[in-house]
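Enquirer: Please build the complete structure, drawing on both the sequences and the hints.
Using my numbering, read the first sequence as starting at 2 and increasing by one per residue.
Source of the hints: derived by calculation from the structure; they are not laboratory data. Bear in mind the structure is a predicted one, so any value in this text is a computation, not a measurement. Worth double-checking, as some hints may not be accurate.
In silico DSS-like cross-links for lysine-lysine, where the CA-CA straight-line distance does not exceed 27 angstroms [stated by the list, open to error]:
#  : residue 1 : residue 2
1  : Lys198    : Lys148
2  : Lys164    : Lys467
3  : Lys562    : Lys546
4  : Lys164    : Lys148
5  : Lys198    : Lys310
6  : Lys164    : Lys198
7  : Lys175    : Lys148
8  : Lys499    : Lys467
9  : Lys591    : Lys104
10 : Lys256    : Lys282
11 : Lys784    : Lys751
12 : Lys558    : Lys591
13 : Lys256    : Lys104
14 : Lys282    : Lys347
15 : Lys772    : Lys630
16 : Lys558    : Lys461
17 : Lys630    : Lys347
18 : Lys461    : Lys164
19 : Lys546    : Lys558
20 : Lys772    : Lys784
21 : Lys546    : Lys461
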Amino acid sequence: MNGYDENDAFEAAAAPQGAPQVEAQAQAPVPLSQRAMAARPAPYLDDLNPAQRAAVEAMDGPVLMLAGAGTGKTKALTTRIVHLLNTGRARPNEVLAVTFTNKAAREMKLRVGHLMGGTDAGLAWMGTFHSISVKILRRHAELVGLKSNFTILDTDDQLRLLKQLITASHIDEKRWPARMLAGIINSWKNRAWTPGKVPAAEAAAYNNRGIELYQQYQDRLRSLNATDFGDLLLHTVTLFQAYPDILQQYQRWFKYILVDEYQDTNVAQYLWLRLLAQSHKNICCVGDDDQSIYGWRGAEVGNILRFEKDFPGAHVVRLEQNYRSTPHILAAASGVIAGNAGRLGKTLWTEQEDGEKVRLIGHWDGEEEARWIGDELETLQRGTRAMAPHSLDDMAILVRASHQMRAFEDQFLTIGLPYRVIGGPRFYERQEIRDAMAYFRLAVSPDDDLAFERVVNTPKRGLGDKAQQNIQRVARAGGLSLLDGARALLAEGGIGGKGAGQLRVFTEGMARWHLATLAPNYNHVELAEVILEESGYTAMWQNDKTPEAPGRLENLKELVKALDNFENLQGFLEHVSLIMENETEEQGAKVSIMTLHAAKGLEFPVVFLPGWEDGLFPSQRSMDESGTKGLEEERRLAYVGITRAEELCTISFAANRRVYGQWQSQLPSRFIDELPAAHVAILTPPGLYGGGFGAAAPAPRLEERVASADVYNSPGWRRMQERSAQRPTAQPRAAKTSIIDMAAVSSFTKGDRVFHQKFGYGRIDGIEGDKLDVAFEKAGSKKVVAGFVVLVDDAHDDVPF
DNA sequence: AAGATCAAGCTTTTT
DNA sequence: GCTTGATCTT
Numbered sequence: 002m003n004g005y006d007e008n009d010a011f012e013a014a015a016a017p018q019g020a021p022q023v024e025a026q027a028q029a030p031v032p033l034s035q036r037a038m039a040a041r042p043a044p045y046l047d048d049l050n051p052a053q054r055a056a057v058e059a060m061d062g063p064v065l066m067l068a069g070a071g072t073g074k075t076k077a078l079t080t081r082i083v084h085l086l087n088t089g090r091a092r093p094n095e096v097l098a099v100t101f102t103n104k105a106a107r108e109m110k111l112r113v114g115h116l117m118g119g120t121d122a123g124l125a126w127m128g129t130f131h132s133i134s135v136k137i138l139r140r141h142a143e144l145v146g147l148k149s150n151f152t153i154l155d156t157d158d159q160l161r162l163l164k165q166l167i168t169a170s171h172i173d174e175k176r177w178p179a180r181m182l183a184g185i186i187n188s189w190k191n192r193a194w195t196p197g198k199v200p201a202a203e204a205a206a207y208n209n210r211g212i213e214l215y216q217q218y219q220d221r222l223r224s225l226n227a228t229d230f231g232d233l234l235l236h237t238v239t240l241f242q243a244y245p246d247i248l249q250q251y252q253r254w255f256k257y258i259l260v261d262e263y264q265d266t267n268v269a270q271y272l273w274l275r276l277l278a279q280s281h282k283n284i285c286c287v288g289d290d291d292q293s294i295y296g297w298r299g300a301e302v303g304n305i306l307r308f309e310k311d312f313p314g315a316h317v318v319r320l321e322q323n324y325r326s327t328p329h330i331l332a333a334a335s336g337v338i339a340g341n342a343g344r345l346g347k348t349l350w351t352e353q354e355d356g357e358k359v360r361l362i363g364h365w366d367g368e369e370e371a372r373w374i375g376d377e378l379e380t381l382q383r384g385t386r387a388m389a390p391h392s393l394d395d396m397a398i399l400v401r402a403s404h405q406m407r408a409f410e411d412q413f414l415t416i417g418l419p420y421r422v423i424g425g426p427r428f429y430e431r432q433e434i435r436d437a438m439a440y441f442r443l444a445v446s447p448d449d450d451l452a453f454e455r456v457v458n459t460p461k462r463g464l465g466d467k468a469q470q471n472i473q474r475v476a477r478a479g480g481l482s483l484l485d486g487a488r489a490l491l492a493e494g495g496i497g498g499k500g501a502g503q504l505r506v507f508t509e510g511m512a513r514w515h516l517a518t519l520a521p522n523y524n525h526v527e528l529a530e531v532i533l534e535e536s537g538y539t540a541m542w543q544n545d546k547t548p549e550a551p552g553r554l555e556n557l558k559e560l561v562k563a564l565d566n567f568e569n570l571q572g573f574l575e576h577v578s579l580i581m582e583n584e585t586e587e588q589g590a591k592v593s594i595m596t597l598h599a600a601k602g603l604e605f606p607v608v609f610l611p612g613w614e615d616g617l618f619p620s621q622r623s624m625d626e627s628g629t630k631g632l633e634e635e636r637r638l639a640y641v642g643i644t645r646a647e648e649l650c651t652i653s654f655a656a657n658r659r660v661y662g663q664w665q666s667q668l669p670s671r672f673i674d675e676l677p678a679a680h681v682a683i684l685t686p687p688g689l690y691g692g693g694f695g696a697a698a699p700a701p702r703l704e705e706r707v708a709s710a711d712v713y714n715s716p717g718w719r720r721m722q723e724r725s726a727q728r729p730t731a732q733p734r735a736a737k738t739s740i741i742d743m744a745a746v747s748s749f750t751k752g753d754r755v756f757h758q759k760f761g762y763g764r765i766d767g768i769e770g771d772k773l774d775v776a777f778e779k780a781g782s783k784k785v786v787a788g789f790v791v792l793v794d795d796a797h798d799d800v801p802f
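Expert: The structure is reproduced here in structure tokens:
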């Protein structure tokens, strides 16, 4: 972790406010070197293709850069910034460049710096919507009812606060879960609706209860001098709308605006940008409508679709030459995304060699899918006739939902294949980190009630519900913070027993630590260690015998180490809330497992896309909740997935999967039908041909299957066999995996009696393509793929295998 | 006040 | 099937 981005924000916030700074810097002479470069030809332009070059050279006025996957979007964007600087149109701190993640901002800074000759380019206003908003808000906090040192609550804090409000209003928590309320409030904030601006119809839909709670929540946040993530944007927009003079300062200051991932902006972000760009309209938005996958958290594809209406005369540039993937992969992706209506439309092309077709394979169940992919990874690691050896770092498994990861983790642990899960619980979201941070917060600001609640009984101090309610009561009665309330309670003897002693130790410790933070130039790293030690927090984990305790202690050490990058505790706390990244660099090559969402912006030579089954992908919930819109977003997710692959893309599905513990029969994803056949190679089932490359072979007879048993000679398979000798072998399964033999459908007729490995016997009710409606005797009516059932004789109940 | 047992719910995720 | 939260028990 580093505080790089946030440190910039901090400096700017501490600088003289608003206009004076703007004036002072505007008069600074432009360095000669920059002026000189303006006249000289710019060598970096020669590195661009015509489209990229057009996007870079169209500097004034609105520009929409439609950049397909792998078309060198970041290159165009960074070069554009460099060009703006080199032609003397703007100085580095007059460029506003907005991204969605800190990672993207950091990367871009690095690349611009690189192009500029390896120095820090001084792009003070390159950052996320949120971090830039914080920077602005800290300067004008009092105008939106906050103090400049406001804290930023994360989702967890937000939820706990809402829960308190719900309980306080005597509302049934079952009918109004905090998560639901949080969802509603966030969606309102995404649309830039303050409580007063929520349309009556929308508010009424929740019996006016939601709007009441929203108002209460906002009041509570102000009294805590806190914001949530949504507020950062909402308050900034409100500020700009209410104070035109302040808006004007920023409009003048930001001579050029650049926006990355424009398709992911929500209404609040859109307004934020439009307000800032309104005067000069020097705004360049980069995005790809086909990669809009965050609709569920408020992103509006509409923003990018109507850019030309918002900014008449906009220069639209399409980046369509792809430098990432082979033609087969691109064609497969294009084929799928073509199913979406209302696209801006791009045609990706490449000069690359054809390469391998996209591979498609079906499996009996999720475990077998994981096993097969594990074997494939090992094969690819060694290399094959068709493909050179690959490092595990070059391979990734992209899943729709995180619960799919488990099957892979289990399998890889079994065969000893190194893997990394990307996007797991982030460092700052871990319990021990949040606890420690709460201690620091309370030491810095003794009236941080949320922090108090979090740590007062962690570690256990014998202060249960009753004691905590007493503290609350005393605090409220006296208008005190909870910490002072606790002191008052102790003073009046309102608490007895062992709890009293421990509470006294706690409050006295807090007083000491707070005092320490007031000393100028105190050693904050040392203080942090002292706090964790004296509070008993470290001891709590040292005494914990659960397997994760050592890791947690390790994380705490990391946290203390991270403090070194900051001036003091205060500075650390003020800025850390926006950096939620986990930057532990691991050793050794590992295959990456992540969700499709987490994969956006990444690329890998080898990509596996498992679980392409209706209901899982596309996700049932997505379709239920958002209908066609939801399905289209799922389809874009499929597009994102396929286009992550550079050389080899393998899509797979399983016929059976355990969903919430229940075995369910799965149908192949409708997206599979949308894959253009000419670019897809259908693989034979696992256990038959060892997962080599090549076209589909005719389904072998049983004898051949037995003969090809040496397939199970891969190292992973052997290791697994050794470790789980008692587990049932895959023998019966392997015989039944003759899926994808879609031609075999014709051999069934309505009324046939069939057998299914998991559901038992049943009778065919109907046939739809390669899918059968079967009424199972025990499992009820199910839709199954024809390849997974076997015709049985009416007269005999022999298991047909 | 803290451990134990049971019921309910369960995408995707950054800031 | 597994985790989380709420209630029950000691």
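Enquirer: Confirm or reject each hint.
Expert: Against the structure, the hints:
1. Restraint check for Lys198 and Lys148: satisfied, since their Cα atoms lie roughly 24 angstroms apart, inside the 27 angstroms limit.
2. For the hint pairing Lys164 with Lys467, the CA-to-CA distance comes to about 18 angstroms; that is within 27 angstroms, so the pair holds.
3. The hinted pair formed by Lys562 and Lys546 meets the criterion: a straight-line CA distance of about 25 angstroms does not exceed 27 angstroms.
4. At roughly 25 angstroms between alpha-carbon atoms, Lys164 and Lys148 fall within 27 angstroms of each other, so this suggested pair holds.
5. Distance restraint check for Lys198 and Lys310: the Cα-Cα separation of roughly 25 angstroms lies within the 27 angstroms cut-off, and the hinted pair is therefore satisfied.
6. The hinted pair formed by Lys164 and Lys198 meets the criterion: a straight-line CA distance of about 23 angstroms does not exceed 27 angstroms.
7. Using a Cα cut-off of 27 angstroms, the hinted pair Lys175 and Lys148 is violated, with the two alpha carbons roughly 35 angstroms apart.
8. Proposed proximity of Lys499 and Lys467 is supported: the alpha carbons are some 14 angstroms apart, at most 27 angstroms.
9. The suggested pairing of Lys591 with Lys104 holds, with an alpha-carbon distance near 21 angstroms, which does not exceed 27 angstroms.
10. Proximity of Lys256 to Lys282 is assessed by CA-CA distance (about 9 angstroms); at most 27 angstroms being required, the pair is judged to hold.
11. Among the hinted pairs, Lys784 with Lys751 is consistent with the structure: their alpha-carbon atoms are about 13 angstroms apart, no more than 27 angstroms.
12. This hinted pair checks out: Lys558 and Lys591 have alpha carbons roughly 25 angstroms apart, not beyond 27 angstroms.
13. Between Lys256 and Lys104, the direct Cα distance comes to roughly 24 angstroms. Compliance with the 27 angstroms bound is thereby established for this hinted pair.
14. As the CA atoms of Lys282 and Lys347 are separated by approximately 25 angstroms, the hinted pair is consistent with the 27 angstroms bound.
15. Simply put, Lys772 and Lys630 have alpha-carbon atoms about 26 angstroms apart, close enough for the 27 angstroms limit, and the pair holds.
16. Between Lys558 and Lys461 the CA atoms are separated by roughly 22 angstroms; this keeps the pair inside 27 angstroms, and the hint holds.
17. Annotation: proposed proximity of Lys630 to Lys347 holds, straight-line Cα distance about 20 angstroms (limit 27 angstroms).
18. Taken as a hint, the Lys461 and Lys164 pair is honoured in the structure, with Cα atoms around 22 angstroms apart against an allowance of 27 angstroms.
19. At roughly 18 angstroms between alpha-carbon atoms, Lys546 and Lys558 fall within 27 angstroms of each other, so this suggested pair holds.
20. As the CA atoms of Lys772 and Lys784 are separated by approximately 7 angstroms, the hinted pair is consistent with the 27 angstroms bound.
21. Distance restraint check for Lys546 and Lys461: the Cα-Cα separation of roughly 16 angstroms lies within the 27 angstroms cut-off, and the hinted pair is therefore satisfied.
Checked against the numbered hints above, the structure breaks only hint 7 and satisfies the rest.
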